[in-house]
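Trainee: Letter by letter, the chains look like this.
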Amino acid sequence: GAVVSQHPSWVICKSGTSVKIECRSLDFQATTMFWYRQFPKQSLMLMATSNEGSKATYEQGVEKDKFLINHASLTLSTLTVTSAHPEDSSFYICSAPRDIDTGELFFGEGSRLTVL
Amino acid sequence: AQSVAQPEDQVNVAEGNPLTVKCTYSVSGNPYLFWYVQYPNRGLQFLLKYITGDNLVKGSYGFEAEFNKSQTSFHLKKPSALVSDSALYFCAVRALTGNQFYFGTGTSLTVIP
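Protein chains in written order, with the working numbering: chain B, 1 to 116; chain W, 1 to 113.
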């Protein structure tokens with residue numbers, strides 16, 4: 001079964017509104033989670049690393065004020081797309097390593113955001 | 001910097017034939033390499049990984065990959081393709097520090113009945 005849960009799977013919002021996406025590790029604690037963005041028929045782009053109890057680390061070119069990340073507990077990270085615009089429409093995927101030593105990442109099912 | 005490259009956007013293979021999805025890597029130090037599969041509108045599923053040890057790694061659904069240090073490659077293979085193997089395949093490398101994963105551009109595999 002799934003070990004990383006992501007919610008919502010689909011969301012449609014009006015331009016200018018904010019949308020929150022949740023990522024939960026179900027049977028393990030994750031001090032680190034990763035947020036990716038995927039455009040149609042393209043690869044995953046790492047947006048940021050979410051760190052429990054501290055600020056997220058953003059990749060170059062990713063707007064921190066646009067994509068707010070909060071890692072409030074060892075099992076939950078949230079990505080908030082603020083003042084969303086149509087160009088923010090994308091597939092957002094979170095992931096977490098269950099075992100740092102093996103390095104295997106588990107992925108959520110993804111969230112499809114459509115901004116009208 | 002760590003990176004992987006997948007030279008083929010699309011691979012087509014007949015059902016029952018062997019398949020290969022190519023991946024080359026560029027890392028400093030010993031690489032941690034992974035293959036993931038993605039079905040439409042879904043997250044990624046882990047297939048296999050190479051950390052150390054045997055160069056031939058066996059993974060889920062009958063897939064395997066061969067780590068070749070001299071050619072800096074980590075090609076994904078399967079002896080006999082199934083129609084259900086049709087999906088998007090990603091090669092990935094893990095950063096030596098920080099645990100970030102970086103993905104290739106993906107290869108769309110189509111298995112033709």
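These aren't lab readings, by the way, just hints derived from the structure by calculation.
There's no promise every hint is true.
Derived DMTMM-like pairs: lysine to aspartate or glutamate, alpha-carbon spacing no greater than 20 Å straight-line [as the list claims (entries may be wrong)]:
1) B:64 - B:52
2) W:49 - B:52
3) B:20 - B:88
4) W:49 - B:87
5) W:58 - B:109
6) B:41 - W:8
7) W:69 - W:85
8) W:77 - W:8
9) B:55 - B:22
10) W:22 - W:54
11) B:64 - B:99
12) B:20 - B:87
13) B:41 - W:66
14) B:14 - B:88
15) B:41 - W:85
16) B:20 - B:109
Trainee: Are the Cα atoms of residue 41 of chain B and residue 85 of chain W separated by 20 Å or less?
Mentor: Measuring from Cα to Cα gives roughly 17 Å; hence the hint holds.
Trainee: Sort out whether residue 52 of chain B lies within 20 Å of residue 64 of chain B, counting only the CA atoms.
Mentor: holds (17 Å)
Trainee: When you check the alpha-carbon spacing of residue 49 of chain W and residue 52 of chain B, does it fall within 20 Å?
Mentor: violated (26 Å)
Trainee: CA of residue 77 of chain W to CA of residue 8 of chain W, is that 20 Å or under?
Mentor: Judged against 20 Å, a Cα distance of about 14 Å means the pair holds.
Trainee: Keeping to a limit of 20 Å between CA atoms, is the pair of residue 41 of chain B and residue 66 of chain W held or broken?
Mentor: violated (26 Å)
Trainee: Between residue 22 of chain W and residue 54 of chain W, does the CA-CA distance stay at or below 20 Å?
Mentor: holds (19 Å)
Trainee: Do the alpha carbons of residue 20 of chain B and residue 109 of chain B lie within 20 Å of each other, as the hint requires?
Mentor: holds (15 Å)
Trainee: Compare the distance between the alpha carbons of residue 58 of chain W and residue 109 of chain B with 20 Å, and conclude whether the hinted pair is satisfied.
Mentor: violated (24 Å)
Trainee: Hinted pair, alpha-carbon criterion (20 Å max): residue 20 of chain B, residue 87 of chain B. Please report holds or violated.
Mentor: holds (17 Å)
Trainee: When you check the alpha-carbon spacing of residue 14 of chain B and residue 88 of chain B, does it fall within 20 Å?
Mentor: Roughly 11 Å between the alpha carbons, so the hint for residue 14 of chain B and residue 88 of chain B holds.
Trainee: Next pair to validate is residue 49 of chain W with residue 87 of chain B; report whether the Cα-Cα distance is within 20 Å.
Mentor: This hinted pair is violated, its Cα atoms lying about 34 Å apart.
Trainee: When you check the alpha-carbon spacing of residue 55 of chain B and residue 22 of chain B, does it fall within 20 Å?
Mentor: holds (17 Å)
Taken one by one, the earlier hints fail for this structure at numbers 2, 4, 5, 7, 11 and 13, listed in ascending order.
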